[in-house]
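Just so you know, the sequences run in chain order A and B.
When you read off a place in the first sequence, starting at 1, and then add 1, the result is the number in my numbering.
When you read off a place in the second sequence, starting at 1, and then add 1, the result is the number in my numbering.
Incorrect hints may appear among the rest.
[What the hints assert, rightly or not] Below, a list of computed lysine to aspartate or glutamate pairs in the DMTMM-like style, where the Cα atoms sit at most 25 Å apart:
| id | chain 1 | residue 1 | chain 2 | residue 2 |
| --- | --- | --- | --- | --- |
| 1 | B | Lys17 | A | Glu58 |
| 2 | A | Lys422 | B | Asp346 |
| 3 | A | Lys422 | B | Asp347 |
| 4 | A | Lys123 | B | Glu58 |
| 5 | A | Lys422 | B | Asp90 |
| 6 | B | Lys123 | A | Glu58 |
| 7 | A | Lys210 | A | Asp80 |
| 8 | B | Lys12 | A | Glu58 |
| 9 | B | Lys447 | B | Glu471 |
| 10 | A | Lys123 | B | Asp80 |
| 11 | A | Lys17 | B | Asp90 |
| 12 | B | Lys330 | B | Glu375 |
| 13 | A | Lys333 | A | Glu278 |
| 14 | B | Lys17 | A | Asp105 |
| 15 | B | Lys333 | B | Glu480 |
| 16 | B | Lys12 | A | Asp367 |
| 17 | B | Lys210 | B | Glu288 |
| 18 | B | Lys210 | B | Asp229 |
| 19 | B | Lys123 | B | Asp21 |
| 20 | B | Lys422 | A | Asp347 |
| 21 | B | Lys123 | B | Asp90 |
| 22 | B | Lys210 | B | Glu329 |
| 23 | B | Lys376 | B | Glu480 |
| 24 | A | Lys12 | B | Asp83 |
| 25 | A | Lys330 | A | Asp301 |
| 26 | A | Lys12 | B | Glu79 |
[To be verified] To spell it out: a stretch of chain A is covered by chain B in this simulated footprint if at least three of its residues, at any positions, have a beta carbon under 8 Å from a beta carbon of chain B; those stretches are:
| id | region |
| --- | --- |
| 27 | 41-48 |
| 28 | 74-85 |
| 29 | 137-149 |
| 30 | 178-184 |
| 31 | 225-239 |
| 32 | 243-253 |
| 33 | 489-495 |
I should point out that these hints are in silico values taken from the structure, not numbers from a laboratory.
Note that beta-carbon positions come from the ideal geometry of N, C-alpha and C, so glycine has one too.
There are 2 protein chains.
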Amino acid sequence: MAKVKKQPRPKAETPKGFRDYFGADVTARSEMLQNIAQVYHRYGFDALETSAVETVEALGKFLPDVDRPNEGVFAWQEDEGDWLALRYDLTAPLARVYAQFRNDLPLPYRRYAMGPVWRNEKPGPGRFRQFYQCDADTVGAASVAADAEICAMLSDTLEVAGIPRGDYIVRVNNRKVLNGVMQVAGVLDPSDPEKFAAERGIVLRAIDKLDRLGLDGVRALLGAGRKDASGDFTDGAGLGPEQAEIVMAFMTAKAPTAEATLATLGGLVQGAPVGIEGVQELETMAELLAAQGYAADRIDIDPSVVRGLGYYTGPVFEAELTFEILDEKGRKRQFGSVAGGGRYDDLVKRFTGQSVPATGVSIGVDRLLAALREKGRMGAQAQGPVVVTVMDRDRMADYQTIVAELRAAGIRAEVYLGNPKNFGNQLKYADRRNAPIAVIEGGEEKERGVIQVKDLILGAEMAKEASLEEWKARPSQFEIPRSDLVAKIRDILVSQRG
Amino acid sequence: MAKVKKQPRPKAETPKGFRDYFGADVTARSEMLQNIAQVYHRYGFDALETSAVETVEALGKFLPDVDRPNEGVFAWQEDEGDWLALRYDLTAPLARVYAQFRNDLPLPYRRYAMGPVWRNEKPGPGRFRQFYQCDADTVGAASVAADAEICAMLSDTLEVAGIPRGDYIVRVNNRKVLNGVMQVAGVLDPSDPEKFAAERGIVLRAIDKLDRLGLDGVRALLGAGRKDASGDFTDGAGLGPEQAEIVMAFMTAKAPTAEATLATLGGLVQGAPVGIEGVQELETMAELLAAQGYAADRIDIDPSVVRGLGYYTGPVFEAELTFEILDEKGRKRQFGSVAGGGRYDDLVKRFTGQSVPATGVSIGVDRLLAALREKGRMGAQAQGPVVVTVMDRDRMADYQTIVAELRAAGIRAEVYLGNPKNFGNQLKYADRRNAPIAVIEGGEEKERGVIQVKDLILGAEMAKEASLEEWKARPSQFEIPRSDLVAKIRDILVSQRG
Chain A
2 MAKVKKQPRP
12 KAETPKGFRD
22 YFGADVTARS
32 EMLQNIAQVY
42 HRYGFDALET
52 SAVETVEALG
62 KFLPDVDRPN
72 EGVFAWQEDE
82 GDWLALRYDL
92 TAPLARVYAQ
102 FRNDLPLPYR
112 RYAMGPVWRN
122 EKPGPGRFRQ
132 FYQCDADTVG
142 AASVAADAEI
152 CAMLSDTLEV
162 AGIPRGDYIV
172 RVNNRKVLNG
182 VMQVAGVLDP
192 SDPEKFAAER
202 GIVLRAIDKL
212 DRLGLDGVRA
222 LLGAGRKDAS
232 GDFTDGAGLG
242 PEQAEIVMAF
252 MTAKAPTAEA
262 TLATLGGLVQ
272 GAPVGIEGVQ
282 ELETMAELLA
292 AQGYAADRID
302 IDPSVVRGLG
312 YYTGPVFEAE
322 LTFEILDEKG
332 RKRQFGSVAG
342 GGRYDDLVKR
352 FTGQSVPATG
362 VSIGVDRLLA
372 ALREKGRMGA
382 QAQGPVVVTV
392 MDRDRMADYQ
402 TIVAELRAAG
412 IRAEVYLGNP
422 KNFGNQLKYA
432 DRRNAPIAVI
442 EGGEEKERGV
452 IQVKDLILGA
462 EMAKEASLEE
472 WKARPSQFEI
482 PRSDLVAKIR
492 DILVSQRG
Chain B
2 MAKVKKQPRP
12 KAETPKGFRD
22 YFGADVTARS
32 EMLQNIAQVY
42 HRYGFDALET
52 SAVETVEALG
62 KFLPDVDRPN
72 EGVFAWQEDE
82 GDWLALRYDL
92 TAPLARVYAQ
102 FRNDLPLPYR
112 RYAMGPVWRN
122 EKPGPGRFRQ
132 FYQCDADTVG
142 AASVAADAEI
152 CAMLSDTLEV
162 AGIPRGDYIV
172 RVNNRKVLNG
182 VMQVAGVLDP
192 SDPEKFAAER
202 GIVLRAIDKL
212 DRLGLDGVRA
222 LLGAGRKDAS
232 GDFTDGAGLG
242 PEQAEIVMAF
252 MTAKAPTAEA
262 TLATLGGLVQ
272 GAPVGIEGVQ
282 ELETMAELLA
292 AQGYAADRID
302 IDPSVVRGLG
312 YYTGPVFEAE
322 LTFEILDEKG
332 RKRQFGSVAG
342 GGRYDDLVKR
352 FTGQSVPATG
362 VSIGVDRLLA
372 ALREKGRMGA
382 QAQGPVVVTV
392 MDRDRMADYQ
402 TIVAELRAAG
412 IRAEVYLGNP
422 KNFGNQLKYA
432 DRRNAPIAVI
442 EGGEEKERGV
452 IQVKDLILGA
462 EMAKEASLEE
472 WKARPSQFEI
482 PRSDLVAKIR
492 DILVSQRG
């Protein structure tokens, strides 16, 4: 027989830009998603889980994030010729599902969805090509009551996820107010919607860069243009100083109270019906939210919210975490945005030709988890199982009986299943597993009807700081009757948590 | 400006072979996975979530299912040239992760994983290209105590998932016993493992077809070969009648007790060390399981388990649901397999060159859910929210306050967000939402400090069968003080459940 040609071994590597999640990272996210789902459910939203794969045709070619226009999808061609791709968000599949099943779905249709999405972009530090999204959307409700509801739900969700009141703020803005401002500033002509499209594009991109460029940078882009540090020149929208100031006044209209903010905005859009409508929408939302007890400490009208204004068509909202963290250079900065959304009324139209009103929010689950980790609000490590050691290889049935009793009592427990020859290895294993307790039953103990119990948490503490007297007074290893196994182990676990 | 060319509208269609899950189907699966995860966790298994995407190189080209050798993966080439693919199961990623992180992982490493996998196969009725798997594996434990543990855990898992004892059986077999049988039957020569490889392949394929061909069909394939109904002839393994009978005796060795079964198997493999080792492994597993209280009504030694024998290297297990259902032609049949697994010792070797023992199980979550549905053990429809109707468009804040109170009390509730003009549409909506209660507050009620409550469940019952007297005695719509809202709604919800 011919020798089999030796194949080179495959590399054991996570593909570039992807990552694996272990243990507590998986369960913490799963618990957070469950908690969020409960809030969504209570608000009357129904779960929807679409497949990860869509036809490229249904997905469309354009991604919603204004700041990442070039990013792509993972796509491949079927044998029969259709192109398929992994979903890049949860909104495009919702649009497809709503168009496909609209005769069977309630109207309005409130749905939530959670799961991974994929972006075919260049991987970078902290930038992954697969990540979780967690969305809630209402399709078919034109009233801003739907937007207010989403904001209230977002506030509840953040608190349920572990962000206390005061550590976050949901900020609300409205694209129609900006349209009114643009009309007053002379770059939007209601009688000829296509006119000044280029200028408006520059205005939108300029205000979207507020975070990065600051007010002066935006002002330059609204006017003649701006030269950046490298000397590159970016053309501006060509607004005169007065026109530009109207846009600037919009972005900085935030006042101490919603009433004052709305009054300022109302003043800015005088004579522009679309802007007046936008201010009224914000007023209605503020009223509805106040009626439900959501004050400005939770949800606030804030025209400095500029992200997504280019994409959304009415109310826009963003949830920011307001506590400070240290960035990679040790400087204090606010944690920033963890969720965003707004009204988008044209998504279903691609499929059906009919405009369907829709509004929704997307929570960045992984960022929210990172925030909780920063605040130390997440158990850094999950507790490991009670480890039952194997003293006598032939008595595996005895050890299995011990774990079975513990598990039946709801206690996480396992038998050491490696080679039991070296007992030190078994304790090292228990250590690596974060085991709170090790159980030891040698032949001699078996005969006397007892077992040895090792409190590994106490043991670790004692090893750090205890005096000899303390060692004697609080032994971390002791003998208990075999018949007391479950009760004693439970006692120790409770004392460890105290 | 040039007219924009009209693009044809995209089709709103789930891609072929994929499907969408709505509402209760999503939450039922999610709850089942949570319950299963709790059992896995209690057994000391840690969660692992790998990315959906792997390099084709790491994935390998071969799928584990013997009965679907031609099925492929969804793959695409990166710009830089690497080929990536969607995972087709959860075992291949485990092998990659274990090889990659083996220095940081505990040894043995118990892990569980749950999530979708993708198969690029021809879609057919009931055959989807994305489905859920839910796996638990122990890597690095050579002892069959690890296999016994998996079987015990599988039994616990099925019960937690809602399959009562008596409605399922975990069957255990062992590939080594079959190897012993093949040695005795003359198609395995321990001194020349390559010899008779073709014959053994035919034997494996033959017994794998037991379900479909029956004993006589398998016997024919073990011998000279078999002509099927279409006249096609399949070559047999060429065993003589006596040799074939040894293999047949193996498959039918199941006796009323495990002891009797093991005695029969022991007799069959006399003189074949590998077979004797296999029988001993089954004996050890039976002892360990008995010590933990798992009797033959839950886990049984059964050599008729032939699925996966070609893939696994030691113990093989399969969980079957034993209750009968009606198939599509109205005939009674057992529901069948919902989980399978076994020992596979060579998976990591591809990467590292070192053989690492491993054993595990994979639960077919969607099949398990289908089984619960068949048995009527799953709420056919989740209860909808309390629907607060909108009588007066200008008093949206009042209605929002009502839902906010209900939600704060943990009651699922929503305001009708569609166009409120037609009240009939609002009640139709409540019906489509499976709403248990509709709340109505007109201006006149508002003034009097009352609200109308409509018990939609009672209403539907009464509409079906009630007499006029009953209608009067148990009105399904009545007035309550606004201040009693939460208490009364809760009472009605409780009475509906009773």
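Going down the list of hints, with the structure as the test:
1. Restraint check: the Cα-Cα separation between Lys17 (chain B) and Glu58 (chain A) comes to about 13 Å, which is no more than 25 Å; the hinted pair holds.
2. About 21 Å separates the Cα atoms of Lys422 (chain A) and Asp346 (chain B), which keeps this hinted pair within 25 Å; it holds.
3. Under the criterion of a C-alpha separation no larger than 25 Å, the hint pairing Lys422 (chain A) with Asp347 (chain B) is consistent with the structure, at around 24 Å.
4. For a cut-off of 25 Å, the pair hint linking Lys123 (chain A) to Glu58 (chain B) stands: about 21 Å separates their Cα positions.
5. Between Lys422 (chain A) and Asp90 (chain B), the direct Cα distance comes to roughly 35 Å. Violation of the 25 Å bound is thereby established for this hinted pair.
6. The hinted pair formed by Lys123 (chain B) and Glu58 (chain A) meets the criterion: a straight-line CA distance of about 21 Å does not exceed 25 Å.
7. Under the criterion of a C-alpha separation no larger than 25 Å, the hint pairing Lys210 (chain A) with Asp80 (chain A) is inconsistent with the structure, at around 44 Å.
8. Distance check on the hinted pair: Lys12 (chain B) and Glu58 (chain A) sit about 7 Å apart at the alpha-carbon level, within 25 Å; holds.
9. Distance check on the hinted pair: Lys447 (chain B) and Glu471 (chain B) sit about 29 Å apart at the alpha-carbon level, beyond 25 Å; violated.
10. For the hint linking Lys123 (chain A) to Asp80 (chain B), the alpha-carbon distance of about 10 Å falls within 25 Å, and the restraint holds.
11. Annotation: proposed proximity of Lys17 (chain A) to Asp90 (chain B) holds, straight-line Cα distance about 20 Å (limit 25 Å).
12. Between Lys330 (chain B) and Glu375 (chain B), the direct Cα distance comes to roughly 15 Å. Compliance with the 25 Å bound is thereby established for this hinted pair.
13. This hinted pair does not check out: Lys333 (chain A) and Glu278 (chain A) have alpha carbons roughly 39 Å apart, beyond 25 Å.
14. Only pairs whose Cα atoms come within 25 Å are accepted, and Lys17 (chain B) paired with Asp105 (chain A) is accepted, the gap being roughly 20 Å.
15. With a C-alpha separation of about 52 Å, the suggested pair Lys333 (chain B) and Glu480 (chain B) falls outside the 25 Å cut-off, and the hint is violated.
16. Restraint check for Lys12 (chain B) and Asp367 (chain A): not satisfied, since their Cα atoms lie roughly 33 Å apart, outside the 25 Å limit.
17. For the proposed pair Lys210 (chain B) and Glu288 (chain B), the alpha carbon gap of about 31 Å is over 25 Å, so the pair is violated.
18. In summary, the hint linking Lys210 (chain B) to Asp229 (chain B) is supported, as the alpha carbons are separated by about 13 Å, within the 25 Å threshold.
19. A hinted pair counts as satisfied when its Cα atoms are at most 25 Å apart, and Lys123 (chain B) with Asp21 (chain B) qualifies at roughly 18 Å.
20. Our distance criterion of 25 Å between C-alpha atoms is met by Lys422 (chain B) and Asp347 (chain A), whose separation comes to about 24 Å.
21. Of the supplied pair hints, the one linking Lys123 (chain B) and Asp90 (chain B) holds, its CA atoms being roughly 17 Å apart against a limit of 25 Å.
22. The suggested pairing of Lys210 (chain B) with Glu329 (chain B) holds, with an alpha-carbon distance near 22 Å, which does not exceed 25 Å.
23. For the suggested pair Lys376 (chain B) and Glu480 (chain B), the alpha carbons sit about 40 Å apart, so the restraint of at most 25 Å is broken.
24. Of the pairs offered as hints, the one joining Lys12 (chain A) and Asp83 (chain B) holds, with about 12 Å between alpha carbons and a cut-off of 25 Å not exceeded.
25. Proposed proximity of Lys330 (chain A) and Asp301 (chain A) is contradicted: the alpha carbons are some 31 Å apart, above 25 Å.
26. The hinted pair formed by Lys12 (chain A) and Glu79 (chain B) meets the criterion: a straight-line CA distance of about 17 Å does not exceed 25 Å.
27. Only residues whose beta carbon comes within less than 8 Å of a beta carbon in chain B count, and the region 41-48 of chain A has 6; three or more means the coverage holds.
28. A count of 5 residues in the region 74-85 of chain A with a Cβ less than 8 Å from any Cβ of chain B is obtained; the coverage claim is therefore met, three being the minimum.
29. Residues of the region 137-149 of chain A with a Cβ under 8 Å from some Cβ of chain B number 8, which satisfies the need for three, so the listed coverage holds.
30. Residues of the region 178-184 of chain A lying with their CB closer than 8 Å to a CB of chain B number 0, which falls below the three-residue condition for coverage.
31. As drawn, the region 225-239 of chain A meets chain B at 0 residues by the rule of a beta-carbon pair under 8 Å; below three, the given contact is violated.
32. Only residues whose C-beta sits within less than 8 Å of a C-beta in chain B count toward coverage, and the region 243-253 of chain A has 0 of them, not enough to reach three; the restraint is violated.
33. Evaluation of the coverage hint for the region 489-495 of chain A: breached, as 0 residues show C-beta separations to chain B shorter than 8 Å, against a requirement of three.
Of the hints listed earlier, those the structure fails to meet are numbers 5, 7, 9, 13, 15, 16, 17, 23, 25, 30, 31, 32 and 33, in rising order.
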